[in-house]
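> From first to last, the protein sequence lines are chains A and B.
Heads up: the first sequence at position 668 corresponds to 668 in UniProt numbering, and the numbers run straight through without jumps.
Heads up: the second sequence at position 440 corresponds to 440 in UniProt numbering, and the numbers run straight through without jumps.
Keep in mind that a hint or two might mislead.
Each pair may be met inside one copy or between any two copies, as identical chains are not told apart.
[What the hints assert, rightly or not] Mimicking DMTMM-like on lysine to aspartate or glutamate, the simulated pairs with C-alpha atoms at most 25 Å apart in a straight line are:
#, residue 1, residue 2
1, K561, D7
2, K342, E153
3, K36, E153
4, K561, E441
5, K631, E581
6, K644, E581
7, K396, E153
Keep in mind that the hints were calculated from the coordinates and are not lab data.
Number of protein chains: 2
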Amino acid sequence: MDFSTLDPMIRPRSIAIIGASDDATRIGGRPIAYMKARGFQGTIFPVNPKRPSVQDIKAFADVASLPETPDVGLIAVPGEAAIEAIEALGQKGTKAAIVFTAGFAEVDEKGAAAQARMVAAAKRHGIRMLGPNCLGLFNDAIGFYPIFSSSFEQGWPIAGRIGIASQSGAYGTHVYSLARKRGIGTGVVVTTGNEAEVALGDVLGWMAHSPDVDVICAYAEGIRDSEKFLAALDLARRNRKPIVMMKVGKSELGGAAAQSHTASIAGDDAVTDAVLNEYGVVRARNTEELLDIAYTATKRIFPVQNTLGVMTVSGGAGVLISDVAESLDFPMPAMPEAAQAKLRGFVPFCAPRNPVDCTAQAFNQIELIGEFTRSMVEEGGYTSCLGFFTQVGGSKTNAPKVRAQMKAVMKDHPDRLWALCIIASDEMVREYEADGFLIYEDPTRAVAALHAMGRFGEAFARVASAPPAAPAVTLPAKTPTEAEGKRILTAAGIPAVPERACADVDQAIAAAREFGFPVVMKILSPDILHKSEIGGVLLDVNSLDAVREGFSTLLRRAGEKAPTAHIEGVLVAKQIKGATEMALGILRDPVFGPVAMVGLGGIFIEVLKDVAFRRCPFGEAEAEQMIRSLKGFPLLDGARGRPKADVAALAKALANLSAFAAAAGPRLAGVDINPLLVLPEGEGAYAADAVLEITP
Amino acid sequence: MDFSTLDPMIRPRSIAIIGASDDATRIGGRPIAYMKARGFQGTIFPVNPKRPSVQDIKAFADVASLPETPDVGLIAVPGEAAIEAIEALGQKGTKAAIVFTAGFAEVDEKGAAAQARMVAAAKRHGIRMLGPNCLGLFNDAIGFYPIFSSSFEQGWPIAGRIGIASQSGAYGTHVYSLARKRGIGTGVVVTTGNEAEVALGDVLGWMAHSPDVDVICAYAEGIRDSEKFLAALDLARRNRKPIVMMKVGKSELGGAAAQSHTASIAGDDAVTDAVLNEYGVVRARNTEELLDIAYTATKRIFPVQNTLGVMTVSGGAGVLISDVAESLDFPMPAMPEAAQAKLRGFVPFCAPRNPVDCTAQAFNQIELIGEFTRSMVEEGGYTSCLGFFTQVGGSKTNAPKVRAQMKAVMKDHPDRLWALCIIASDEMVREYEADGFLIYEDPTRAVAALHAMGRFGEAFARVASAPPAAPAVTLPAKTPTEAEGKRILTAAGIPAVPERACADVDQAIAAAREFGFPVVMKILSPDILHKSEIGGVLLDVNSLDAVREGFSTLLRRAGEKAPTAHIEGVLVAKQIKGATEMALGILRDPVFGPVAMVGLGGIFIEVLKDVAFRRCPFGEAEAEQMIRSLKGFPLLDGARGRPKADVAALAKALANLSAFAAAAGPRLAGVDINPLLVLPEGEGAYAADAVLEITP
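Assemble the whole structure, with the sequences as input and the hints as a guide.
Encoded structure:
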């Protein structure tokens, strides 16, 4: 996918402003005022039929009269005139447009129709179009400000290599404004409005491609175009550009609000999570975490095996930091014994393990800060080094000495993340930062941000295993019976429990004889999906007499509870005992297509929701990762003296299921294998019940 | 408990400083310099045998020579001299001491012995003693600064009614320093050091009692004195003073650091959580949340049924806020239909449900801000009102108008929490705050803080149900057999499954005949606690022959696997089917005594850790709350067409167990009832297996 097609939109040499205003407070005037103030390095062509000049720049009556083809057109005229402007730009040869104009799909059906016409015009001319109903964008490196936000009243963005892509205009500028207040540089902000043509994925892709951006912040309410979105995530990962994302609309309430706001298709949040994980995107829990992580990532140090070493002047903070690291699975290995002894030699009452409590003594003999730091980096080998110095590190007497001591060690080890928690004036913080330190006020946030760098590092280094070869799949015309469903799955490499569809009681007796007792008997009907709810499942059928009795019981119950159902007979299956019950499934996400699920079987999947998801298809290594991520995994792994289950067979079935779902195409609406019986190691895993939902 | 005994320590009329220094940078000099700078309203008596005056204040050679009895003595002399100072203060009649001196229990055994002598001296004279090895305290309202922190270099605390009680000196001052940077007033900070005499509970109790403090922040690594601690939490709740607490040392790593730091007894974190919940203490996840909640609580508005109404200029922020509220179970009811219609009349394209997106239009017609606000408060009836105005609310032109519009509504409804998310200069934030608004930059944190106010409100309003009457308990001399254990529990109101201890096979056959098949058979021995691990449990015993065979099988297995165990025979019990398996338990917390637990039975309690705890004893209403708090509660509540379980019987058994544990005294080391079989509604709940652990 070629994301450079947004270059004329975000990094243009010239811009035409259709609806240019001489009034710098109006939406057609603000961009011109901003670009003048920030020294836009290209040419501005105001288009306004009523004025010879706009804000002291020569204006043109229409697009056709422009002396050259502008790279991008900014449209700030209402209604139909906006569509005409797209047409005029297209005829002029312009390949990009930014549309402020509102009143389209976000309003009503009529607006949606107008928006469709606008998109058609843009596509006819090969125009990449941002909006309509967008706040615009800025690219500060070239002074480019086609945006009508009033947020610049409080100050211009700080130069920097963080890009922000946001589906919400107000929230996008909220984030950049918070960044500015915190002294964090955000060079590019793009807000996408109605996403009639350019969607979030395009913008992320452009940032992944652009040399102007190192770190990407994203705010999303719903992903519309999975292909571009996934291509963008892939490119970002290949270019080692971390993406940190706020994805909202995950709650029921939130979902409702998201719909009324931009008619977003808010995909299932668990699916979003799985997709973001797959590409190493880190999801921020709130705006501050978003900025903390982006700020930390600007160092571009992404350790693959990230470890945290902590030096502290407060035992209490050390405990707090350990708690946070533990909750994040962020390893804090102990210092080597010899190094601990050495540190004890410097300060007898220090706690040299990790966290290393150097005590206030280290600030009385400031060279000890250097000794401790060097030992932690060189002997402890930590990739993330965090010092909790609080106001002691912010004192005017201490700060220059602390900086000098630590800087000497940092110079020898520029590949580490150097972070400090200090309370200091903004000026002093800037001095520390100029030396290369990352500065946080609070240790909890510092630990979370440092931990994210390792998650990026792992994602950048990760190599996915190959999914199983795509099986040849011919789906039936409609939802099949359980037996037929299991035949289809068995052919795709998901074995089922030995069983037979029996049209009459003699066939049932023969099957039971062959499989051995006990057997399970289930009513067989394409019209009854949830058999247990009508009493259509009999367990522990232990004798030939019981088979006979069971056959008539099932038929009677089906006749009573589902009188209209077509009954094909009874399924007889070997009853397997001592297996661990798991559930596998496929759901079709409206955005990301087939997604596989694994969880503990039975009722626990619905009550405890201990499940893992991944986009199809994927290989056995990924399948095993999903299985190991379950809270209930110890049940498969020999908890409390149970035999270890055949996780390899389970992973193979899951990977095969993912390949099946990917090959089956969109008519496969869902698969529900529950339970899948996992036997002890080496003995396999077998589907005991399976429902395939087919769209006719 | 009389917490006023700390008045002379925290609110004294006079202070003697033993080891007073003329050098304002030394630990014996800093407090004097600070009190001079802050205008201490009492008398300072420097004690220094070498100087006639210290920092221009008349000094005295020793405590005995002081012209009057000081309310409190501050001890800044090393080693044995500190103990002598306690003695001298005692002889002078002083009733409070603050001991900076280090080198006691935090160092080694010898130090611990010296500390014990110091405590003995204090107790002999009725002296309340803070420390040793503490950083001190300050009470800014009277300019009292017996503290040697260097944190004041960056500024004095802001006057205010938040008190901070901290077991860590450095972390305590870190919190107050962050508060100062955020413009939050913290009037009192007390750090407790080694807690040789005064512990965290005393300080919390003093803050609960003192008219100087409205809101209490606490930082704890380990609770040492549960009696004072619980009395303090109780007093705070009765006085409607919210406590927000950071309790660290909850992870394995954290626990290790806590121990090396102050040799704390870090109680089980789940127990701590249960105790804090019981008293309505809100636990903060990090320092910022601690301060957010304390800041919000200074309004002293604690709604019992807290609802959140949100007005926003950004649909995106509305979605984000809804997500956060949902994750916290913070209700956001929709606006009444009529009110929604009215708001649509003001702004046709607004989203009037809740979040109410008033759109940027409201800032063009500023009186709409007032209309929207009044409708939300009066028609929506929200107790927590949050406006997301970001930089629009921070603009110099908008801010005064927004404030005026909202203030008019606030004046009519001062009982609501009025919160705004704006990005503005510090000065402008102070102006908003002066009007009575709570100001946050980020909506996520605002929602969490507002939500905490409702949790306080519920805790203040809560009336605990009476626990069952304490049963008469006579514990056996040592851990009893299962049968004896169940007899004891049955007597205490926790019924057991029908069963009989059978010394020989004939008794077993008679019991099985009486109960009906199937039965369960279990080996009976006081020496075998985990029967299933030696194959000592037989299920589905279905015939008299099987009883015979089972009896010999169990004896053979016990002989093989536990040859030294004393075997009393076999327990025969009715096998109950179709029940939900739960687990009840009692653990004896070293700090808080007996604590009851309830969870899903079987293997899930250990793997999934879905359990609830509460300090014993408690009533059935509290027991039911615990049961309902389980993630697996739907299993008891008719999930997937199952019959509803007898939750009332389960709650009664749990409450009775709590009363039993409270009455049994410290020899009861633990109880483990797993499974407790809960039958359908009205049919009861029966212990199927029970282990009582008795300390001989």
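> Mind listing which of the numbered hints don't hold for this structure, in increasing order?
Those not satisfied are hints 1, 2 and 4.
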